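Student: If you read the protein sequences in the order shown, they are chains A and B.
Take the first sequence: its position 52, counting from 1, is numbered 51 in numbering that gives the first Met the number 0, and each next residue is one higher.
Take the second sequence: its position 72, counting from 1, is numbered 71 in numbering that gives the first Met the number 0, and each next residue is one higher.
Be aware that one or more of the hints could be misleading.
[Claimed, not checked] Covered by chain B, per the in silico footprint, the following chain A stretches (three or more residues, Cβ under 8 Å): (1) 31 to 44; (2) 123 to 132; (3) 230 to 244; (4) 265 to 272.
Hints listed in this document are in silico derivations from the structure and should not be mistaken for laboratory results.
These numbers come from a predicted model, not from an experiment.
Ideal placement from N, C-alpha and C gives every residue a C-beta, glycine not left out.
As a plain string of letters, each chain reads:
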Amino acid sequence: MSARKAGKVLGVIVLHLVLYAGALVTVAPFLWMVLTSFKELPDILTYPPRWIPSRFVTENFVAAFQAAPFGRYYFNSMLVAITVTLGQLVTCSMAAFAFARLRFWGRDALFYVFLGTMMIPAQVVMIPSFMVLHWFGWIDTYAALIVPGLASAFGIFLLRQFFLTIPRELEDAARIDGCSRFGVLWRIILPLSKPALATLAIFTFMGVFNDFLWALVVISSDEMRTVQLGLAIFRDRYQTDWGQLMAASVTATLPILIVFFFAQKYFIRGITLSGMKE
Amino acid sequence: MFSAQKEFVGFDNYLTAIRSPEFWMVTKNTLIYTLGTVPLNMLLALIVAYFLNKKIAGKRILRTAFFAPVVMSSVAAAVIWRWVYEPNFGLLNYVLSWFGIPAVNWLNDPTAAMFALIVMGVWKTFGVNMILFSAGLQGIPKHYYEAAEIDGAGRWQRFWDITLPLLSPTTFFILVMSVIGSFQVFDTVYVLTSGGPLGTTKVLVFYLYENAFKFFDMGYASAIAYLLFAIVFTLTLLQTKYLKGSVHYSI
Numbered sequence: 000m001s002a003r004k005a006g007k008v009l010g011v012i013v014l015h016l017v018l019y020a021g022a023l024v025t026v027a028p029f030l031w032m033v034l035t036s037f038k039e040l041p042d043i044l045t046y047p048p049r050w051i052p053s054r055f056v057t058e059n060f061v062a063a064f065q066a067a068p069f070g071r072y073y074f075n076s077m078l079v080a081i082t083v084t085l086g087q088l089v090t091c092s093m094a095a096f097a098f099a100r101l102r103f104w105g106r107d108a109l110f111y112v113f114l115g116t117m118m119i120p121a122q123v124v125m126i127p128s129f130m131v132l133h134w135f136g137w138i139d140t141y142a143a144l145i146v147p148g149l150a151s152a153f154g155i156f157l158l159r160q161f162f163l164t165i166p167r168e169l170e171d172a173a174r175i176d177g178c179s180r181f182g183v184l185w186r187i188i189l190p191l192s193k194p195a196l197a198t199l200a201i202f203t204f205m206g207v208f209n210d211f212l213w214a215l216v217v218i219s220s221d222e223m224r225t226v227q228l229g230l231a232i233f234r235d236r237y238q239t240d241w242g243q244l245m246a247a248s249v250t251a252t253l254p255i256l257i258v259f260f261f262a263q264k265y266f267i268r269g270i271t272l273s274g275m276k277e
Numbered sequence: 000m001f002s003a004q005k006e007f008v009g010f011d012n013y014l015t016a017i018r019s020p021e022f023w024m025v026t027k028n029t030l031i032y033t034l035g036t037v038p039l040n041m042l043l044a045l046i047v048a049y050f051l052n053k054k055i056a057g058k059r060i061l062r063t064a065f066f067a068p069v070v071m072s073s074v075a076a077a078v079i080w081r082w083v084y085e086p087n088f089g090l091l092n093y094v095l096s097w098f099g100i101p102a103v104n105w106l107n108d109p110t111a112a113m114f115a116l117i118v119m120g121v122w123k124t125f126g127v128n129m130i131l132f133s134a135g136l137q138g139i140p141k142h143y144y145e146a147a148e149i150d151g152a153g154r155w156q157r158f159w160d161i162t163l164p165l166l167s168p169t170t171f172f173i174l175v176m177s178v179i180g181s182f183q184v185f186d187t188v189y190v191l192t193s194g195g196p197l198g199t200t201k202v203l204v205f206y207l208y209e210n211a212f213k214f215f216d217m218g219y220a221s222a223i224a225y226l227l228f229a230i231v232f233t234l235t236l237l238q239t240k241y242l243k244g245s246v247h248y249s250i
C-alpha cells in the first residue's frame with residue numbers, strides 16, 4: 000500500500016516537473032527577447048549564449064526609436080485599434096439587438112447571410128476591398144485601416160447569442176414604463192452584457208493591434224505605418240541588429256501582454272465562445 | 000490595374016494557375032505546413048489540457064504561460080524566432096549542441112526552413128487548442144469516470160473509452176479550424192523566411208500577396224484566392240464526410 004502511495008506521489012511530482020518545464024520552454028523565447036533587448040552588443044554576440052546581461056542598458060530602445068519613428072507607429076496602432084474597437088462595440092451591439100429582439104421581414108435569413116460571411120477567408124475579400132478603397136482614394140490613410148474593421152459578423156454573432164440569454168421580462172417592464180427601444184438597449188441590455196462586451200472589445204483590440212497583412216497591403220508611407228508593419232520593415236533593414244530588433248519587438252508586444260495579464264479570462268472566454276483563431 | 004475598361008477573360012486566370020508549376024509547388028508547401036503543424040499542435044494541446052485538468056499546483060500560471068504566444072503579434076514572434084534560429088549565436092543550435100548535434104542554418108537550408116516554420120507555428124498557436132480542449136474536458140460529466148472506476152477501469156482505459164470519445168466533437172471542431180487556419184498562414188512566413196530559401200516555404204497566401212501587391216496581377220491573385228477557398232472548403236467537406244462517423248456526443 001505504501002509503495003503504491005509513494006509511486007503516486009512520485010507520479011504527481013514528475014507531472015509537475017514536466018508541466019513546468021514545458022511552460023518554461025514555451026516562455027523561453029519571450030524571456031530571451033526581453034533580456035536581449037537590455038544587453039550590450041558583446042553580451043549579445045557571445046557563445047555560448049548568456050541569459051542575464053552583464054550590464055542592463057536601455058540603449059537598444061533609444062537606438063531603435065531613433066532609427067525608426069516607433070512613437071509615431073505606436074500612435075497609429077493605438078488610434079486604429081481603439082477606434083475600430085469602439086466602432087465595433089457600437090455597430091455590433093445595435094445589429095445584435097436588432098437580430099435578437101426586433102421583428103422584421105427577412106431577419107433570420109439576413110442573420111444567416113451574416114454568419115455565412117464568417118466562412119469566407121479574409122484573403123478572398125482582401126483584393127476587392129483594396130480595389131474599392133483605391134477607388135475611394137483611401138489607400139495609405141487611416142480610413143483604410145479603420146473603416147473596413149468597423150463592423151464584424153463575429154461581433155454581431157457573439158453579442159446576439161449573449162443578448163438572447165437576457166430575460167425579456169426586464170425589458171417588458173421598462174417598455175410599459177415608457178422606455179424607448181433604444182433606451183432598452185442602452186439602459187438594460189448593455190449594462191447586463193458587460194462580460195460579452197469586454198470579450199468582444201479585447202478580441203477586437205488584439206486582432207487589430209496585431210494585424211499585419213492588411214496594413215502591409217494598404218499602407219505605403221512611413222508615417223502611416225502601424226507598429227507591426229514598422230517592425231517588419233525594421234526587420235528587413237536591420238537584419239542582424241539583434242539588440243534593436245528585440246527592443247522593437249518588446250515595444251510591439253507590450254500593450255497586448257499587459258492587457259492579457261489583467262484580462263486573461265476574457266481572452267479565454269472569447270476563444271471558447273468562438274473557437275476563433277488568432 | 001485599375002483601368003475602367005477590363006477585358007473579360009473567362010476562366011483564363013484559373014487555367015493559368017492550374018497549369019503553373021509554381022501554383023502546385025506553393026499548394027504542396029502549404030499542405031506540408033498543414034500536415035506538419037496540425038497533428039503536432041493538436042497532440043500537444045490535448046496532452047497539456049489533459050494534465051492541466053488534473054490537480055496541479057499553479058494551474059493559472061501554467062495556463063498563462065502556454066497561452067501567452069497566442070496573444071503575441073505574429074510579426075514580433077517571428078522576429079524573436081529568427082534570433083532563436085540564428086546559426087551562430089541562436090538559442091536552438093546552442094541547446095542542440097548539448098546533445099552533440101551540429102549547428103544547422105535553419106532559415107537558409109532548403110530542407111530545414113519548412114521544419115523551422117512548422118515548429119514556430121505550433122508554438123504560436125497550440126495555446127488556442129489547449130483552451131478549447133480544456134473546455135471540452137470540463138464538459139465531460141464526472142459520473143462517467145466514477146462509474147468506470149467502480150467497474151475497475153484503469154487510467155488508460157478511462158482515457159480511451161470515455162475521454163477520447165466524449166471529446167470527439169471538440170477534437171473534430173479543432174481539426175477543421177486548425178486546417179483552415181494553417182492554410183491561411185502568412186505573417187510568420189513573411190517575416191521568418193519571406194518564402195525562401197528557393198521557395199521551399201512559399202505558401203498559398205504568400206503567393207497570392209506576391210501576385211496581387213508585388214506584380215499587381217489582381218485577376219490572377221483573385222483566382223488564387225478562390226482556389227484557396229475551394230481547397231479549404233473541399234478539405235472541410237471531406238473531413239465532415241469521413242470523420243463525422245467517429246464523432247460521439249454520448250457513450
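Student: Taking the hints in turn, state whether each one holds.
Tutor: These are the hints, each one checked on the structure:
For a cut-off of 8 Å, the count of residues in the stretch 31 to 44 of chain A with a CB near a CB of chain B stands at 5, and the three-residue condition holds. Beta-carbon proximity to chain B at under 8 Å applies to 6 residues in the stretch 123 to 132 of chain A; the threshold of 3 is reached and the given coverage holds. Here's how the stretch 230 to 244 of chain A fares: 5 of its residues keep a CB closer than 8 Å to some CB of chain B, so the rule of at least three is met and the hint holds. Closer than 8 Å: that is the beta-carbon criterion, and the stretch 265 to 272 of chain A has 4 residues meeting it against chain B, so the requirement of 3 holds.
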